[in-house]
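Asks: Work the whole structure out from these sequences, hints included.
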Amino acid sequence: MIRKAKPSDCLDLAALSLQVWLHTYATQGLRAKISHYALSTFTEHHFQQLLNNPDCQIWVYLREEHLLGFIAVDLASHFNLEKHGYEVTTLYVSEHFQRQSIGRKLIDEIKAQHGASFWLSTWVNNQKAIDFYRKLGFKHVGNLSFDLDGELHENHVLAYQEIG
Numbered sequence: 001m002i003r004k005a006k007p008s009d010c011l012d013l014a015a016l017s018l019q020v021w022l023h024t025y026a027t028q029g030l031r032a033k034i035s036h037y038a039l040s041t042f043t044e045h046h047f048q049q050l051l052n053n054p055d056c057q058i059w060v061y062l063r064e065e066h067l068l069g070f071i072a073v074d075l076a077s078h079f080n081l082e083k084h085g086y087e088v089t090t091l092y093v094s095e096h097f098q099r100q101s102i103g104r105k106l107i108d109e110i111k112a113q114h115g116a117s118f119w120l121s122t123w124v125n126n127q128k129a130i131d132f133y134r135k136l137g138f139k140h141v142g143n144l145s146f147d148l149d150g151e152l153h154e155n156h157v158l159a160y161q162e163i164g
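Note that full-length UniProt numbering has the sequence shown beginning at 1, numbered continuously upward.
Straight-line alpha carbon distances no greater than 30 Å define the calculated BS3-like cross-link-like pairs of lysine-lysine that follow:
id	residue 1	residue 2
1	LYS6	LYS105
2	LYS105	LYS139
3	LYS111	LYS139
4	LYS128	LYS139
5	LYS135	LYS4
6	LYS111	LYS128
7	LYS4	LYS128
8	LYS105	LYS128
9	LYS135	LYS105
10	LYS33	LYS128
11	LYS135	LYS111
12	LYS139	LYS4
13	LYS111	LYS4
Calculated from the structure, these hints are not laboratory results.
Replies: Encoded structure:
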């Protein structure tokens, strides 16, 4: 089931974010910068703030009351051109439930809710995500850098836009 996130989801959103982020980005192990970012960013309070921001929305995918994935959007964020639409800030699916169309269903939900013109950024070394997005029709439109406490990490910017 997909529904809009509620304040009672914030703790689970934080835990799932920690799981997915560390699995994806701590590929060479943990160090202080990685641990500090993850533990200070992915908190219950962080998600409460997002839910209180009228420009942000989070949609959750639940199965038997368990959070399996979520998508977060920032309706006010644009990349270079207005035509790129709003930003998908996060699309996380627990590794235990990947390859079950959960990510695609979450993307379909935001398309239905907010329109089919949006963009996102993903780490250049996250080939699994890049392949997933390309399969769905995303196009590479630029690059951004993610700043991890002074270390810059290159991200691809991918945009989705339905034609016709």
